[in-house]
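Colleague: Please take these sequences and the hints and turn them into a complete structure.
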Amino acid sequence: MYVLAINFKSYKTSYGSRALSIAKEADSVAREYSGLVRVVLLPPATEIVRIASAVSFSSVFAQHVDPVDEGAYTGHVTAEMIKEAGAAGIMINHSEKRLRIDEISFILGKARKLGLETLVCADTPEVAAAISVLSPHMLAIEPPELIGTGIPVSKAKPEVVTGTVNKVRELNKEVLILTGAGITTGDDVKAAIRLGTQGVLVASAVMKAQEP
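Each residue of the sequence shown is one higher than the one before, starting from 1006 at the first, in this note's numbering.
Possibly wrong hints are sitting among the right ones.
[To be verified] Using 16 Å as the maximum straight-line C-alpha spacing, the simulated EDC-like pairs for lysine to aspartate or glutamate come out as follows:
#1 Lys1115 with Glu1089
#2 Lys1162 with Asp1128
#3 Lys1088 with Asp1071
Since the hints were made in silico from the structure, they are not lab data.
Modeller: Below, the structure is given as structure tokens:
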């Protein structure tokens, strides 16, 4: 099964009625291609309850959680909060929300205890390989210089994708590897699959589209 992960980020379309509309459209795709494509929706934390309640065939992940336990941490979002809100998993270490390796390890440990799935982003094959040892469910390779450009890493820097696949598979045979950064068209997705990954992580291609 392939994975289509949609990062809502903080665009104008990422909250309220517009976010809900996008989520429902994506859920229709998930229903149509059930068994072939898994759709993962990554809305802002404020929208998790609303979207998780509205979809039936998609998985809802948080865009980020903080590496803290429950306690006196004003403004932080814990893994426990995310689970209570209805999320099935979490994404961490996106290029716009980087974490140290010890923080990643801490969060992955909490996620396992809570039964949350995990998607961890990496900017290089070397970082991806290091993270793979921590056994996340999914890894996404995203060179930050290509994020939001519409220039897909699968075409601009295919060696980054193949390098990631090769290095990660030496250490972890099970983790699903996704391609991110600049993925815009169906051809970009096909290129990513041909390079050995199991899906894509997209954002602006959906959230900034005239007709998402």
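Colleague: Does each hint fit the structure? Answer for all of them.
Modeller: For each hint, the structure was consulted:
1. With a C-alpha separation of about 14 Å, the suggested pairing of Lys1115 with Glu1089 holds against the 16 Å cut-off.
2. This hinted pair checks out: Lys1162 and Asp1128 have alpha carbons roughly 12 Å apart, not beyond 16 Å.
3. Distance restraint check for Lys1088 and Asp1071: the Cα-Cα separation of roughly 13 Å lies within the 16 Å cut-off, and the hinted pair is therefore satisfied.
Violation of the numbered hints given earlier is absent; every hint is satisfied by the structure.
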